[in-house]
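Below, each chain spelled out in residue letters.
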Amino acid sequence: MLLMGASVALAAAGCDGPDEHGHPLHARPRGADEAASYATVLDLEGLGRGVLARTRAGHAVKIEGNPQHPASLGATDIFAEAAVLSLHDPHRSHRIRHNGRPQAPAGLDAVLAALPATLRVNGGAGLRLLTGPVASPTLARLIGDVLAAFPGAQWHQHDPLADDDALAGAVAAFGQPVAVLPDLARAQAVLCLGADPLGPGPAQLRQARDWSTARRAGSPPRLFVAEATPSLTGARADRRIALHPAEAEGFARAVAATLGVSGLAKGAAHAAAPDIAAALLAAAPAAIVLAGRGQPPAVHALAHAMNQALGARGVALRLIASPFARPEPMAASLVALTTAMRSGEVTHLLVLGANPVQDAPAFLAFEQAMRRVPFTLHAGLWEDETARASRWHVPLLHPLEAWGDSLAFDGTPAIRQPATRPVVDDARDALGLLGKILAAPLPAREAVIATWMDRWGGIGFDDRWTEALEVGTAGPPSPTISPALRPDWDRPGEAPPATLTAIFAPDAGLRDEAQNAWLQELPRALTGLAWGNAALFDPQTAATLGLAPGDEVELTLDGRSVLAACWPVAGHAPGCVTLPLGGGRKAAGAVGTGRGFDATMLRPADGAWTAPGLVVRRTGARASLVATAAPYRADDAGAVPRVQPGEALAPIARGTSLHPDWPYEGRAWGMAIDVDACIGCNACAIACQAENNVPVVGPQELARGRGMHWLRVDRYDFDASEAPAASFQPVPCMQCEKAPCEPVCPVNATVHDNEGLNVMVHARCVGTRTCSNNCPYKVRRFNWDDHRPAMDTPRRNPDVSLRPRGVMEKCTYCTHRISAARSAATLEGRELRDGEVETACQRACPTQAITFGDLNAPGSAVAAQRHDARSYALLGDLGTRPRTTYLAQRVPRDGT
Amino acid sequence: MSVSTRPVVAATLRPGAWGFRLGLLLALAGVAVLAAAIAALLVLGIGVWGNNIPHVWGFDLIAYAWWIGIANAASLFAAVLVLRRHGLRTAVNRFAEAVALAAVLASALYPILHLGRPWLFHWTVAYPATTGLWPQFGSPLVWDFWGIMAHVIVTALFWYIGLIPDLATLRDRTATQGRLGLARTYGLFALGWRGSVVHWHRHQAAYRLVAALVLPLLLSAQTVVALEFATTLVPAWHQARLPVHMVVTGLPSGLGVVLAMAAVLRHALSIERIIDDTDMDLLARLLACAALASGAAYAHEIFTGLVFAKGAAQEAFTARAFGAGAPAYWGAILLSVLLPQLLWRPGLRLRAAVLIPVGLLAAAGVWLDRWSLVVGGLLRERLPTHAVAYVPTAAEWALLAGSAALFGAVLLLFGRAIPVVAIFEIRHEESLEDVAEEER
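So the protein lines, in turn, are chains L and Z.
Quick note on numbering: my numbering labels position 6 of the first sequence as 236, and the sequence is numbered without any gaps.
Quick note on numbering: my numbering labels position 88 of the second sequence as 602, and the sequence is numbered without any gaps.
By construction, these hints were calculated from the structure, which means they are not laboratory data.
It cannot be assumed that every hint is accurate.
To be verified - Each computed DSS-like pair below joins lysine-lysine, with the alpha-carbon atoms no more than 25 Å apart: (1) 824/Z <-> 496/L; (2) 1008/L <-> 968/L; (3) 1008/L <-> 824/Z.
To be verified - Incomplete in silico selection of chain Z near chain L, CB under 8 Å: (4) 554; (5) 557; (6) 566; (7) 570; (8) 638; (9) 640; (10) 650; (11) 654; (12) 745; (13) 755.
A virtual CB, placed ideally from N, CA and C, is assigned to each residue, including glycine.
Isolated chain Z, as found in the complex:
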């Protein structure tokens, strides 16, 4: 084992530090809240939420779209790194993949839980049911089922394939320490990895193949969520640009969360050498870039909403952006577009005290955008309606906080049980450096 990877392995295997324990305790408490919220939901029904007619969707779809956005941006980021063989991937991609997987798990809760009768969610699955009925394939909700399933599977595969060589390293390390039970567990998941050239060849092919698969799926997952809105007759939602808008405006949330987590981890786990300043610098600039792209999407939305949209669509946009929906709409722009622009200042890009709030607030800004779409989009309906405002209840806040805790708990447990950055990638980089030195 090289000197440089030792802290990574140590972080994985050493007994929990107090900070870790405290964090995990908090996260698990949050998961308990989540469990209680889900139990209440199943027993009492979604009447415990604040939804009504016309606000049939609220926190459920907001959180779903938001978590998907985080997962998308995080795994998009990881996949691009793998495919481009970018130096940054060594540091961040494993952990970006973990963020993606945790976010997908958090988001996958909602399509099931938001149903009136969640125990019948399998009716959206195409299987030879005794009822003789297929799902209705024209419905974007069925596309959504495929979208989220594909997303879960591919994200998990991507993360897992990347992990195999490191699992083998951990297997060997625990075996030499004499912890045979643990070694066998790692060994089981290492799939008999011996590090031969053939293994490496196949691993690289598979890894890059799945990374390539991630790209279209990520676009599609977010797009399908957007289509659930865009295919309706609701004036604010019925727009062809919505899928692109949701993919692009979702980017700052995932990048923001990855950035914030990276800033936390490199201090918490003392791995500043591995996730180094250059990495953080690059990541911060990426977030600022994504925020710019998101800004372009908003500019396009405002322009089309005011200039091209007619009648109900224009009124709907006006109500959303300049009427009662203005705080959420402009809050989203402030937090997810304008705030990350601070990161263009080099001095701020290395300060954890800046990166963590900016990253998390960018994610919060994207959440506001989803609120503005799901809730603010119904300010103007086709018919004038006496719409009672949607007010989320404690049960919904508990679910949101709980899913965030689940996200945190999954990340913390990943950090504990498996290497937080890719050991093999670091080794690979170092060997390249050694070769270069020898050549000199």
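Isolated chain L (complex conformation):
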């Protein structure tokens, strides 16, 4: 019996042991073998953010930021956190398919082997490559090799979120593509013309960190935002102007005129422009103007000219060459490809990692054109819309499984190394596929090494290579360039007609991974919507059209129409409707199909970001929307207090109690959340979900109020006007010392431990739910269903148990991380250091708003924050003595 047990244990170890999954990996791990982390890089919009993939027993279970990578600095965004779920998604494409039917890999290999010879006959004419935006040096090198080997071939890039207008603006201003890198830590005044430096994007983590660093240092940049669609930056702006897209250029021109920019064409004045221009001038040269996605080229050029006039370059802003391998107007590139396909010029189309059938504007009719191509091959993570329209589909390796490289928004290169063995056996990588076409198949790792060997030379290469893998960066950021402003930079655009305008915008919580349930279930910070998008109106326009939130509307543009839900958002510019891209998918699996509406149905063929002439008609039906949160008002209980410089809040009162205080002689864990630094990016919420095996409940259950997130981000609007200033208040468990949940539990399932944690004993819980009734913060979650079957995948964090049906659960302050740190300290025979325990939410936070540690330790960061003048307790008057406290939001003395 004993022997049998032992052999079973050995067999189990054999299945899960390190040598089965991804060991030995390619770099020395960070941390102990048990929970090793590997530095790698994940792309967003084609640009990399350095991450550490945390593995347990060879499985990648959690993504954390790489502190040594400039686009992460240790933090993560929601997309990076969610990547690990996509990696393990059971609905990922698993099979090579030909015309929809599964094929053995050998069949594909035979076809690919014959391809070079076929193509070489006419010099590759008829071969087209379609990729997303490429910044990866190796991928770019291989594509270049293909183009060299087949002179007739062409390469197209496509990204529905590509900002062609920024490119056009840069070319107009400087005659060359540039990337603008603002330094929000040094800027004293920032004007965002539709730019969202704190919002989702490849530079979000860095820019948010810089902004919060400046706020902490007491010299926050004055943030002015002029935008149509409310953004995270707009929510935290010192002054926000809701601007119709038709007014954007006029406004920018008025500001530029006040700044005295030379070479400026004449324009009308704007009421808000003089004040803002004066503030920029006062802060110059530490004043910058940023133009964002969706602005016309003229606005981008105006921003460049204003930065020149303010002298910002070199002070709070630098320009680098675009990190992309071949910056080009992608919409035009796709139009060219579609035209070529329709005319029959294209014989072979290779789509690598893009999904144009779904996200190209419907007016292009990309799919019909594509179906005319005799040989189409799509490589992707999922059997998505393009996979279905292609003759061949090849499952692609997930970035966490694949070799590669990438450039960050500032040009910092990084090597992508697999953090786990492939989850999908038949999956290929893009580098390998290109190698086959070149008839020079090389393993992806060798291909990447070859690229860097070229750059670094052979001498000392191995050391440099190993260091790049361990550190997570492969070199310095791109050098600053100083292009001169062209004299004819200002090319005024035509003023669009002032009809109801459609604005296309990326979804705040979704990119192309509609299949990712964490992202789908995450409430968007500014709308509160989850599991689907809605057409965003300003409340006034909605009222004029007789629309209530959740009404179904028919949106018509140029003869095409789509049904969408109406969702008014305070602060939206009047006269326009924002249509978030990424919803309404037709083939995105059980998770992503049919969530929300597909805005690409209405997008003009040239990929324009705005389109006038939108017609909105109420259908009379109600749309099924999942709204999880409303913004709360400044006079609601629990609203974030706001302090002016030098102002102090009343010290947190302990309140009286009939029971004697428990002396916490050892450690007393506590958390301080600096609301002033919170940008509402939701990274903490999704990091918590990943770390603590928090289940996804799906849209129906979420709509019934049964969401499971242990940490939510509440939003308070401080101004009911058209331009609300918001505070975001993340709410985890308060770990109250006088926890109201504890005395009402009949079975001692929630109790205090000796370090002050309010502990939830899942095994002891019988599910009376009384604790939730008595929790004034409503942070307790109940397992209405058994989520364990869906959770029990290699993705789950083995340190955190799965909870059965019928029990309560809640934030634990990542108690397993405390235990792990304590064990490590004990083994090394030392005391725990301050900051050694990092909760998942704290680790993810790009602005370091969350501090965790021992309140009893003299000099600990959390104790210092607790005694800060801005410290306050949520509902402190109830006498619950929360261990989680907050730091109030700062407002400038003049109140703007």
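We have chain L already, so just place chain Z on it with the hints.
For chain Z alone, coordinates are given in the frame of chain L:
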């Protein structure tokens, strides 16, 4: 056997009339629904209900508090009758006790079924568990366990002790009819009753003792339910007056149900002579009185809610009584306070067509009050929350209807198997009348 008790015994022993059979059939069908609802609950979990965060309680606690209220008022009523040796008790108390017992059984379902893991309900019981853990005695849910257990035991004892002499009568009657098996069964439960003076003496002492026990327990049972709410930080619930409010506003439900059942039974079983017009008159006036008392409780609640309550508590009350919760709140007052006031008109007090709907609607009004507390009380929380409204599902309606059917089935079976009014009490009254006549 006297002439007057003959219909009672006959009703107990005669084969079922079609009305009885139909009623029982319906009730048993309802019990089958209940069984299905419980099975679904155990297999699928309470996710089949409409609860969510913050509405972690809904139909479960509403029905629990409501059934307890019916049981309380019914047995309070019966106990007061026994203790005061009131003439009415002869007619109504047995049957009020039966109502109480059936209601307690219906309510006792919920504290177990509402758990996330109902098979572990015994963890709330103090027993030397291998886990080495006692229940957490500070929790009102543990008090509630004691409350409901004490309630079940005392109500059952009260009903059973009152039944012993009658069980002996039935034993003798079935024995003379030659139905020996039935006679033995009745005999077993009659505990060897021979009707000696000593037996009568002890019986009266025990009966009155248990009746006296009923009084504090009844107050406590309802109070403990109220404490489950009053001890929380929820602004609408956190009020010291809540136990009194729940005891007093619960009265019309129990009295209403007793009144309606009495009106049904006296026609269905042709025992108008035993539950006579005076009894019905008295009972109807009692209901009207209880409704008045309940009205006073509401007046106090409205006054304190608007005048004394501050901040969150006042907002919570305003939302409950004048905001989104207004229909349930004022519906409760209309049905359980205002409607029974009709019974002050003597002409209406004897009409079954009035008494039955008024009694049942009063009970429904109390149900609305419990809804207003459990669901409407969460309209205003400490923090602003995006609360998704609680919408009960079919599974919850099935459970409510099923527990009502169980209540009905238990009552019908009581009516069939045991005397519906106390035979010995009627005999006792008649003997008193005989003595009075002889003296004259």
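Hint check results:
no., hint, verdict
1, 824/Z <-> 496/L, "violated, 60 Å"
2, 1008/L <-> 968/L, "holds, 15 Å"
3, 1008/L <-> 824/Z, "holds, 22 Å"
4, 554, "violated, 13 Å"
5, 557, "violated, 11 Å"
6, 566, "holds, 3 Å"
7, 570, "holds, 4 Å"
8, 638, "holds, 5 Å"
9, 640, "violated, 11 Å"
10, 650, "holds, 5 Å"
11, 654, "holds, 7 Å"
12, 745, "holds, 7 Å"
13, 755, "violated, 19 Å"
The structure does not agree with the numbered hints 1, 4, 5, 9 and 13 stated previously, though it agrees with the rest.
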